[in-house]
Amino acid sequence: LLKIYCSSIPLAHCPVYLTISVSAKPFLEINWGPDCFGPPDWVGIYSQDPTISNMQPEMRFFGVANRTGKFKTDMKLEKLNFPRGWNRQDGSENQPPTKYPKGKCLRHYVASYNGTELLTVDCLKIQPNWMGQVKDLELMPLKDIFLPGTHASGAVVGSASKSKSVLVKDYLLAQQLDVWSQLVFGIRYLDLSVGYKYTESNNYADNFWIANENMFITPLMGVLRDVREFVKRSGELVVLDFSSFPIGFYKHPEIYSSLFDLLHRELGDVAYRRNVTMDAQCAHRYVQEILQAGIHVVILFPKQELPYPENESNMLCEPWQRFSTSYKNISETLDYMRLLFSRRKDSPVQGNGWIFTAVRSLEQTLNTHKMLTVKERAEVLNPKVVQLLKGPWGRNANVLALDYFSNTNLVDLAIQVNAHKAFIMANVDFINLEIFDDF
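Quick note on the working numbering: the sequence shown kicks off at 1104 and runs consecutively.
No lab work stands behind these hints, which were simulated from the structure alone. It is possible that part of the hints are untrue.
Claimed, not checked - Straight line, CA to CA, 20 Å or less: simulated DMTMM-like cross-link-like pairs of lysine to aspartate or glutamate:
no., residue 1, residue 2
1, LYS1335, GLU1241
2, LYS1487, ASP1515
3, LYS1182, ASP1193
4, LYS1179, ASP1152
5, LYS1335, GLU1196
6, LYS1207, ASP1515
7, LYS1406, ASP1364
8, LYS1238, GLU1392
9, LYS1228, ASP1144
10, LYS1487, GLU1435
11, LYS1205, ASP1515
12, LYS1246, GLU1392
13, LYS1228, ASP1364
14, LYS1202, GLU1332
15, LYS1205, GLU1339
None of these values were measured; they are calculated from a predicted model.
Given only the sequences and the hints, what does the whole structure look like? Please build it.
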């Protein structure tokens, strides 16, 4: 029986949304596009929802002219305060946090107008429960889900605040928001580089640190406990990727074993356990299969570095394929994305879990005769990559990991793509005819 599903999809002629700038002091940014065919007369930022409030805008912007663009306002983002239950310190409360099926707006709204006619409304929002709210997502394997991620997830502004080193602040920190906030905003893949620094502490966990570019940034323990606490409150799934071990691990399997013991102690009761009699590729497991036992963390780890018997632990999954734009310029990045995301026959992406890390290395920027900071690199690259994935390429994405992800709407994009993919998967007997209303 052939069934036909038709949908009439009204498109906003000019979608407008808010992001957080990558500057030293974070400011709100107004974004529009892509394909802004009917630009509004003006855009306003509000402290309350303009659809239910008569408050005047805190600022007006009249410069929407191009089909795609971004404007950094002079409105500084205050310290983030999430709804009750979603701040880190709220964990002692007995009452479970409120779930937000469609996200929860913080106190910043953006609206576009033609004269006094309201066209679109959006807001700076958290998405702590988005995976559990996308219909039929649980029926998809991990390799088919678009997971929004961060690169160097623990290298956070403020984590090395005591350092006065320009090298640390400009070239080693990679995220505006701490790991807890990343997860609350909707990030579901974390990239962790771990270094070992011997201390005389009685707690061996104090020897393990988040590292970036061969320097210590912040203790690992805080990150692990943030992940554990978040998945327990949210019920969401998080992929934790131990991607590199740049300091102190080389030819020291006993240090790898000590790290494994720490992971087992802190995450053992929330970590996915592979069925060793089945396909060892964790990326092929369905979300429902992972979550049904109350398990919420998938740990990617190079098991070959561990001695026996830890290297056979079913708590660890083989690392997924990794692809990076680190040493590519913008033009080369576009060609590389075309190869990976178009899923051509010659593409190295062939049906397994894979991670696309859209960053530019320090060495690559030196080739342009100007040493760009991590923030400057992210400011150029992030919007271009995310914009390219708003088309058909996004439907082939698995993990996209960015530096300073907060200057994009990556999480909203992932939710939209996954909703589409899950619907198509759940209705394979339908022909889906999408009628776009451009009039």
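Taking the hints in turn, this is what the structure says about them:
1. With a C-alpha separation of about 18 Å, the suggested pairing of LYS1335 with GLU1241 holds against the 20 Å cut-off.
2. For the hint linking LYS1487 to ASP1515, the alpha-carbon distance of about 16 Å falls within 20 Å, and the restraint holds.
3. Taken as a hint, the LYS1182 and ASP1193 pair is honoured in the structure, with Cα atoms around 16 Å apart against an allowance of 20 Å.
4. Straight-line distance between C-alpha atoms of LYS1179 and ASP1152 comes to about 19 Å, which keeps the hinted pair within the 20 Å bound.
5. Straight-line distance between C-alpha atoms of LYS1335 and GLU1196 comes to about 13 Å, which keeps the hinted pair within the 20 Å bound.
6. Between LYS1207 and ASP1515 the alpha-carbon distance is near 12 Å, which keeps this suggested pair within the 20 Å criterion.
7. Taking the CA atoms of LYS1406 and ASP1364, the gap is near 13 Å; set against the 20 Å cutoff, the hint holds.
8. For the hint pairing LYS1238 with GLU1392, the CA-to-CA distance comes to about 16 Å; that is within 20 Å, so the pair holds.
9. Straight-line distance between C-alpha atoms of LYS1228 and ASP1144 comes to about 25 Å, which puts the hinted pair past the 20 Å bound.
10. Between LYS1487 and GLU1435, the direct Cα distance comes to roughly 13 Å. Compliance with the 20 Å bound is thereby established for this hinted pair.
11. With a C-alpha separation of about 10 Å, the suggested pair LYS1205 and ASP1515 falls inside the 20 Å cut-off, and the hint holds.
12. For a cut-off of 20 Å, the pair hint linking LYS1246 to GLU1392 stands: about 14 Å separates their Cα positions.
13. The suggested pairing of LYS1228 with ASP1364 is violated, with an alpha-carbon distance near 37 Å, which exceeds 20 Å.
14. With a C-alpha separation of about 15 Å, the suggested pair LYS1202 and GLU1332 falls inside the 20 Å cut-off, and the hint holds.
15. At roughly 15 Å between alpha-carbon atoms, LYS1205 and GLU1339 fall within 20 Å of each other, so this suggested pair holds.
Figure legend: structure checked against the earlier numbered hints; hints not met, in rising order: 9, 13.
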